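*Asks:* The chain contents come next:
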Amino acid sequence: MINRTSYLTRSFDVPEGYLLAAYERSGGYRSAQRALGMPREIIVDQVKKAHLRGRGGAGFDCGVKWSFMPKDDARPHYLVVNADEGEPGTFKDRAIMEKNPHAVIEGALIAAHAMGAHTVYIYVRDELHMAKARLEAAIAEARALGYVGERPFGRPWAIQVFVHSGAGAYICGEETALLNSLEGRRGEPRLKPPFPAQCGAFGDPTTVNNLETIAIIPTVIELGGDAFSRLSALHDFNDGGVRLFGVSGHVQRPGLYECAVGLTLRELIYDLGGGVLGDRKLLAVIPGGSSCPVLRADEMVHVLGDPRFAPYDGKSVLDLPLGVDTLRTIGGMLGTCCAIVLSDAADPVLALATLMHFYRHESCGQCTPCREGCGWIERILDKLVAGRASMEELDRLTEIASDITGNTICAFGDGAAQPVLSFVRKFRREFEDYVLTGGRSQTRTLVA
Amino acid sequence: MEFALSAELERELDAIIARYPNRMAACIPALHLCQRANGDWVSPAVVDYVAKRLDLPAAHVEGLVTFYSLFNQERPGEHQVWVCRTLSCALRGADTLLAHCEKKLGVKVGGTTGDRRVTLRTAECLASCGTAPMIQVDQEYHENLTIAELDRILDRLLYED
Ligand SMILES: Cc1cc2nc3c(=O)[nH]c(=O)nc-3n(C[C@H](O)[C@H](O)[C@H](O)COP(=O)(O)O)c2cc1C
Ligand code: SF4
Ligand code: FES
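These protein sequences, in sequence, are chains X and D.
If you're matching positions, the first sequence starts at 27 in our numbering and goes up one per residue.
If you're matching positions, the second sequence starts at 660 in our numbering and goes up one per residue.
Simulated from the structure, these hints should not be mistaken for laboratory data.
Each hint should be verified, as a subset may be incorrect.
Stated by the list, open to error - Computed cross-link-like contacts, SDA-like style, restricted to lysine to any residue with a CA-CA straight-line distance of at most 25 Å: (1) D:Lys767 / X:Gly401; (2) X:Lys125 / D:Lys767; (3) X:Lys307 / D:Thr790; (4) X:Lys218 / D:Lys767.
These figures come from a predicted structure and were not determined experimentally.
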């Protein structure tokens, strides 16, 4: 059963729902007012109880992350909100910024208070001009009422919120690259440890959270952590609450849908997305941004030894509730929860070639396996598509991708390897066809 | 050629610098501001200006300009058109849009029309996949595009002021 909600999205269809007046009419800023009167530990505890898994892609528990921030440390503390949204297929943070910017600011106030931060930077991808303008306007409105500034809600704990623009580099979404970029350096990821909570922005304790993670915080406070978590069908998997589900590509109604965590791909594609475009059959889905392994429509779930999976065992992967750990357990990844749908009109070889062009373009070049590997992969795929690649070269794709995995400074490397490893394994026949027929056997199109 | 900001933009830059604990952090915002004031590109004079203003080595500023793709090292056309070519848009016909742009503008990706009105570029996923295919024109998004609509947009860029 689909459980659609409207905590983050209720302002989306309201005329001028992005203005402070509209936000306050629907209860906005009451959570911040309450939370800023609560001890830090209580807020962190509520967020832990919410089982709020980071919405940026890795799905790390938000409350646990916040608890890593030092308590008796005289250095300045920072909250950095990650709105670099660049993961192919992902379009949720932009919508929140444009249509509900005050939720971001209210969430940031609560989070800053809970972590002892006086300064919040919202790092927004440069291209998102409308989003930046809406955030700036919202900050100005909140500042005029004293919610942001020297004494938010009368409390003697100043909180400043600033928008910081990126300048065109996907890698700056990776949190340590983002910190370097914020500091005015090239956006090259840093080795971890040290982790940002010890040594983040300007060498000081910092938490980086995805923008949607921050925007849902007022709802966590409003409902209480446990009640928030229980909205989810995956409360037992410690994956709580509600989130935005995106669907794009070959569906009738692409878009964003806010639902309780635990929606299935079948519900997302057929019920919310209106089914596959042009009465075609479903070929495959990339569940949450291009760095997630692709799933074939005919894949089955087989998980032994975990009673929580008993209801799904032997069923289609399309009927598995979408969650951080449910997908991880079957060897997949939830990522950003914005699915890309491919109908059987789409050629999986071309789909991978399109994606790998992106990764070659965006590698920051610090690590040899990633820098060189992404280039080799792109060149082999180009040859393959042109019908000039050999079987050995096809196998080289998997070798190169395996050599990238685990051998790099940041997770970009794994993100680039995953599509290669999954596409080539799951669509082996289509890839071999390109070799055997000199590239003539496929539909050679991506468009449904 | 020397580069300088107007008094008003100087004040804006001072306000930006005050947001950060050190001057280096203001470097990317400063480059954005100066690029806009300089007809949308970062000339060597802009690099020198930002370096002096923020007390940074020019090589550091240069390093940023080459790393980040949205700092133009050459003056682009009056308008910039980016066609998103990443997967969600590709599944919805981005290739056709791009081919149409190339034909209509008479330039290849990266090129600028002879009258310097339009520079054509491709973009990687612009966070608009649910409304694919899409293009960005200067600061504006055009989503759910058809060829007919694209045609009207390009006409405006080419023939209207
Ligand atoms: C290559 C790469 C790109 C990333 N891009 C983004 C991004 O655009 N937005 C985002 O929130 N997180 C992105 N992340 C994840 C961040 O590193 C980080 O985990 C996240 O911002 C933490 O927020 P969360 O815990 O609230 O999810 C990216 C990670 C990698 C490796
Ligand atoms: S894995 Fe790739 S993107 Fe990440 S630091 Fe290494 S070279 Fe840069
Ligand atoms: S793929 Fe074009 S906007 Fe995302």
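*Asks:* Taking the hints in turn, state whether each one holds.
*Replies:* Taking the hints in turn, this is what the structure says about them:
no.: 1; hint: D:Lys767 / X:Gly401; result: holds (23 Å)
no.: 2; hint: X:Lys125 / D:Lys767; result: violated (36 Å)
no.: 3; hint: X:Lys307 / D:Thr790; result: holds (22 Å)
no.: 4; hint: X:Lys218 / D:Lys767; result: violated (42 Å)
This entry does not satisfy hints 2, 4, going by the numbered hints stated previously.
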